[in-house]
Amino acid sequence: MKFDRIDKVLRATVLLLALSAPSAGLAKLTIEITGGAGSGIPIAVVPFKWSGEGSSPEDIGAIVAADLYRSGRFDLKPPSDFLSRPSQESEVRYKDWRLIKAETIVVGAITRSGEDEFDVNFQLLDVYREKIKIGLKFTVSEGQLRQVAHQISDRIFDEMTGIEGAFNTRIAYVTMKQKENGDRLYELMVADSDGHNPQQILQTTNLPVLSPSWSPNGRDLAYVSFADGRSGANVWIQNIESGNRRPVARFDGNASAPAWSPDGRALALTVSSAGNTDIYILQVASLEIRRITKSLAIDTEPAWAPDGSHLVFTSDRSGRPHIYRVNTDGGQIRRLTMEGKENAAASYDPRGERLVLVTNRGKGAGYQIGVFYPSDGRTDVLTKGTLDESPTFSPNGAMILYATKMGREGVLAAVSADGRVRQILKLHEGDVREPAWSASR
Amino acid sequence: MRRFGTIFLALFLGIAISGCAASKKKGGSVEVEDATIGSSTESSSSGIGSEDTTAGEIIILESDDQGDMDDPLGQRVVYFDFDSANLTPEAQMVVEAHAQYLSGNPGMAVVLEGHADERGTREYNLALGERRANSVSEIFQALGVAPDAIRTISYGEERPVSMGQDEGAWSLNRRVEILY
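Going down the list, the sequences are from chains A and B. Counting in the working numbering, the first sequence runs from 1 upward without gaps. Counting in the working numbering, the second sequence runs from 1001 upward without gaps.
Hints in this document: simulated from the structure, not taken from any laboratory. Hints are not guaranteed to be accurate.
[What the hints assert, rightly or not] Below 25 Å or equal to it, Euclidean Cα-Cα: the simulated DMTMM-like pairs (lysine to aspartate or glutamate) are:
1) A:K384 <-> B:E1167
2) A:K363 <-> B:D1166
3) A:K384 <-> B:E1118
4) A:K341 <-> B:E1118
5) A:K179 <-> B:E1118
6) A:K341 <-> B:E1090
Sequences and hints are given; from them, build the entire structure.
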């Protein structure tokens, strides 16, 4: 249906929720991208024309180009090859772009239209048909310009690949810095999917933070932490905007590994009591809790099927950790992974067709990220590290974000689901770990 | 004399622990500090971040000075094989010695802190540390330590004592610390 609108300039004024400004002095993630050049859809993103004093507050063209490049599905033509720099269709000489073999070009302009108001115009052009495929106008404040850039990327990705874009989404992760006196400083962070606009959600000293899980509406995070130096691990739910948080589990034992149900009403989690670790489902509103697995083995890391019908989880009931599934009523427990020495931390893609997991193929291979197909039992190993962990699909299933090591340092990496393009997100100082990708903005 | 020092320290820590605070910071962020862990005089160069392990370390240092490492009560940490919660014969001896001491001193409380090396997922390791602490707890209970006097806690792979990425480092991190 949206393809009917080609040729037409859609005028959309987009109201965006203002995010609270990032706290000062926060360590920012830096990004390195490797691989991926020279194949995919040939596209040229022309730097957006700026009309106003000084320079544009955000380089939208560069943000869009980086988004498209990271996805691994585009062959981005370098701006140094461009013969002209149009900012709208009427200025375009299509032969300039045929010469450099760009089949599609992105043009646009940013204009200051008020005190804190900017008009962003963008067009996606088909070079061979000489036609406008998409045209959009946004009117936003300065703080929303990056978000607009990601929305433009989403529209382009959708139009060119037929897959919904997932650039205008957020990620959560944990950072850890060890101070000179030995104290370990943990921060739970939320940022844009490209690592920008980091916001601190929680800070703890010497109390580990792990396993963040987004509520489906993107408003709350569940995570594991420790109330103090005496108590074991517990699961907390925290509202991102207000900062209000509460422990959800009060049992004789520990709770961990929260996973939000697709309808947002329940958490699957792990409860350890007297050394025995099993899977439970907790209703978030009533705190009513139901036991799902009952074994002497370690059962942990539950994750929901997108239709809510069953969970997958890690269990060492066969001796080594492997992936199992269980219906949400506790019935029909079945082992899924048969290959490899160990498999753990599985979660579904949005369609429920693939599982991303941590796999150890044995013979000293260590731990890599794999994609497992329950339909035929095959696993594609996507990464080459030895301590790769915490994989999470992007909301459109096209990318996988995970934690890895560069030397001693913990960094995040994003890999296109075909494994071709890899992006590293790291801190200037300290570890980044435990990524989780939100399904919504 | 050594034992007195330990008890005193444990009491002191018990008080300090109650000082843990959670305060809300502007911008929706929450700040939580384990106030029992200070950067004060006891800060350890090995980077152990737990108040309890700080107590444990002091005792080990004293033991070193006295040259009584042969005394199983002088050993506060027992080590495990990869992905295992089974006690080695040596660990069994240490655990039994502590169990006998504690069952003869009924007023004392003990914390069993389970840890894992960095291999495997963080959540699995949290469960593995719990399982290790529990296997020590079972021996304690079998030898007469009151269940109420035992508390187990797992930090999984989150509090390594050795930062290396080899078997030497990993073997030091797969441990249960016996803290009282």
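Status of each hint after checking the structure:
1. A:K384 <-> B:E1167: holds (20 Å)
2. A:K363 <-> B:D1166: Holds, at roughly 15 Å.
3. A:K384 <-> B:E1118: holds (17 Å)
4. A:K341 <-> B:E1118: At roughly 17 Å apart (the allowed maximum being 25 Å), E1118 of chain B and K341 of chain A satisfy the hint.
5. A:K179 <-> B:E1118: Judged against 25 Å, a Cα distance of about 20 Å means the pair holds.
6. A:K341 <-> B:E1090: violated (29 Å)
The structure fails hint 6 only (numbered hints given earlier).
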